[in-house]
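Student: Please construct the entire structure, taking both the sequences and the accompanying hints into account.
There are 2 protein chains.
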Amino acid sequence: MAVYTNVSDEQLADFLKNYDLGNAISFKGIAEGVENTNFLLETDTGRYILTLYEKRVNTDDLPFFLNLIDHMAKKDIACPTPIAAKDGATLYSCAGRPAALFTFLNGMSVRVPTAHHCARLGTSMAQFHQAGQSFPQGRENSFSIAGLRKFYENLAGDLDSIMPNMRTMIEAELECLEKLWPTSLPSGIIHADLFPDNVFFLEDKISGLIDFYFACTDFLSLDLAITINAWCFENDASFNVTKAARLLNAYNKIRPITKAEIDSFPIISRAAALRFLLTRSHDWLLPNEGALVMKKDPKEYLRKLKFHQSIENPKSYGLSNAL
Amino acid sequence: MAVYTNVSDEQLADFLKNYDLGNAISFKGIAEGVENTNFLLETDTGRYILTLYEKRVNTDDLPFFLNLIDHMAKKDIACPTPIAAKDGATLYSCAGRPAALFTFLNGMSVRVPTAHHCARLGTSMAQFHQAGQSFPQGRENSFSIAGLRKFYENLAGDLDSIMPNMRTMIEAELECLEKLWPTSLPSGIIHADLFPDNVFFLEDKISGLIDFYFACTDFLSLDLAITINAWCFENDASFNVTKAARLLNAYNKIRPITKAEIDSFPIISRAAALRFLLTRSHDWLLPNEGALVMKKDPKEYLRKLKFHQSIENPKSYGLSNAL
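These protein sequence lines map, in sequence, to chains A and B.
For the first sequence, the numbering used here assigns the number -7 to the initial residue and increments by one for each residue that follows.
For the second sequence, the numbering used here assigns the number -7 to the initial residue and increments by one for each residue that follows.
Derived by calculation from the structure, the hints in this document are not laboratory data.
Any given hint could turn out to be false.
One copy or two, it doesn't matter: identical chains are merged, so the pair holds either way.
Said to hold, decoys possible - With a Cα cut of at most 25 Å, we get these calculated DSS-like pairs of lysine-lysine:
| hint | residue 1 | residue 2 |
| --- | --- | --- |
| 1 | K142 | K9 |
| 2 | K9 | K197 |
| 3 | K67 | K288 |
| 4 | K287 | K66 |
| 5 | K287 | K171 |
| 6 | K67 | K197 |
| 7 | K66 | K291 |
Tutor: Written as structure tokens, this is what we have:
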């Protein structure tokens, strides 16, 4: 949740001149999206979301993200659709930041997802992955194993201030993942950040996915591992195998999970946990001043990582039930 | 702008059980209101604002505020109207905080008000003051002269860290105001915080006033002085007498400004400037952690205070044009 940039009534009016959407009737900064500033805008023609891209998003990546969202919307993946300006462009600038307008999406995220929500998510993710197969662009995952190594090295000196021995533990984990990382698994566009915040539900059905700004090309099962981490652990850090099984089973019905994906799932899940352990450690050590971003305890992902390290058989994820 | 308290989907559903408004379709934290947390809520029946009252608002004052807003709405002062729950109450609790629901108000605040906006404000304020005359409750102004003295004394030791000699200067100003403060002027309910943020416009007309949480009983001209301070100085600290004259003239057409109010206007304006100088100094020295509140430079109000101190004739406010 963040509001980084203020937009004045004049700046908004200037921006809207690029579009055929009429005049602003209402305009409110909303606490949605960690990387960007978002506004709920109502004009004579309807409701929209105005997104201002802040420094943490690389401007060069914006065409990829906007094209991807547009592609997904055309493939009937429910998500906010970029709105074209009079000249056809979807990326403009507002208040000195790159900016884009999107359709408004009804629905709300759930704080405590049930097994039913997890099953819905499994279906949506499989549809998302299938739709991504025909997307012609690609984007490297900044949090690939090589990316995690780089991210870790910038942070290493400070890690033990979060918890004793954290540095040694993460170093060992990285070495292990580098050794065991699969060379080939089904790949394609992954969302890479499908936390409950980024999935809207309406009457227990998914009304849309939002916040595509970590999307990249990588193993599809990494997306599954990220969501299993985010959706299937309880607040006491216990693993809810029913939720995982429902998610994986629903996914598998649309896009069958391969034997190689099953075998490597504990390793992939460890990499997914390490990714959030590292980025949360970064945000814990270097909080983003001026933005309303709740600091999240990195140790939550340490506990998840330890769970995945303890897995001896991929069936522990409920895959045997799912497949 | 602040979002202090998160509300989960479950907490919202529990809260909505008290009302006949249907289920939530959309729910977003909005960056509006400095003292409270506000959400834009859409249900099957329409759009609403959910306000959660945070610690800076005294819970004992909430019935006064809610009754006042309701009174003003019934007197056709455009403002968000409190929505009654099934049992008729307008104050409930949500996510552990006192909470109220309001009608949604179209419109947007203006960042750089023009003389035209100032005239509209003058009219609205006079209507507000007149409507307040029939409101049966009262509330002491925490920032009366006695209140300012108390507020100052808690802060005095740190003031010079903002600027050398600030303590001596404010002490002298307080003594002067205590000596010169009028004993009797037309009084009633004042909004006491009609900054541009709290006034919504739609097509150059005022669509509503918001944020009544400083409203209190005091001299009506204190409200005028607060708005003159907030609306009629340019960014370079110069005083725009055209804006002030338009505001006062429009006000005067509805509620004639008395001779005693004119004579005392420089003193009242100094007290209004001192009030924001002190509260901004407080927020500057003790920023409110965890909330997205932009620190505002207290020295802006020091410059305004000095302007009012330099006034020898109330005509300098444009009153001669206005009356």
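Student: Look at each hint and say if it fits the structure.
Tutor: Checked hints:
1. For the identical chains of this complex, K142 and K9 are neighbours neither inside a copy (43 Å) nor across copies (50 Å), given an alpha-carbon limit of 25 Å.
2. When the C-alpha separation of K9 and K197 is checked against a cutoff of 25 Å, the pair qualifies only between copies, where the shortest distance is 21 Å, while the shortest distance within a copy is 36 Å.
3. Within a single copy, K67 and K288 get their C-alpha atoms no closer than 34 Å, and across copies no closer than 47 Å, so neither meets the 25 Å cut-off.
4. Taking CA atoms no more than 25 Å apart as the test, K287 paired with K66 passes in neither setting, with 36 Å inside one copy and 44 Å between copies.
5. Proximity of K287 and K171 under a CA criterion of 25 Å is satisfied in neither setting, with 32 Å inside one chain copy and 50 Å between copies.
6. Taking identical chains as interchangeable, the C-alpha atoms of K67 and K197 lie at most 25 Å apart only when both belong to the same chain, with a minimum of 18 Å there against 43 Å between chains.
7. For the identical chains of this complex, K66 and K291 are neighbours neither inside a copy (39 Å) nor across copies (53 Å), given an alpha-carbon limit of 25 Å.
Comparing the model with each earlier hint shows violations of hints 1, 3, 4, 5, 7; every other hint is respected.
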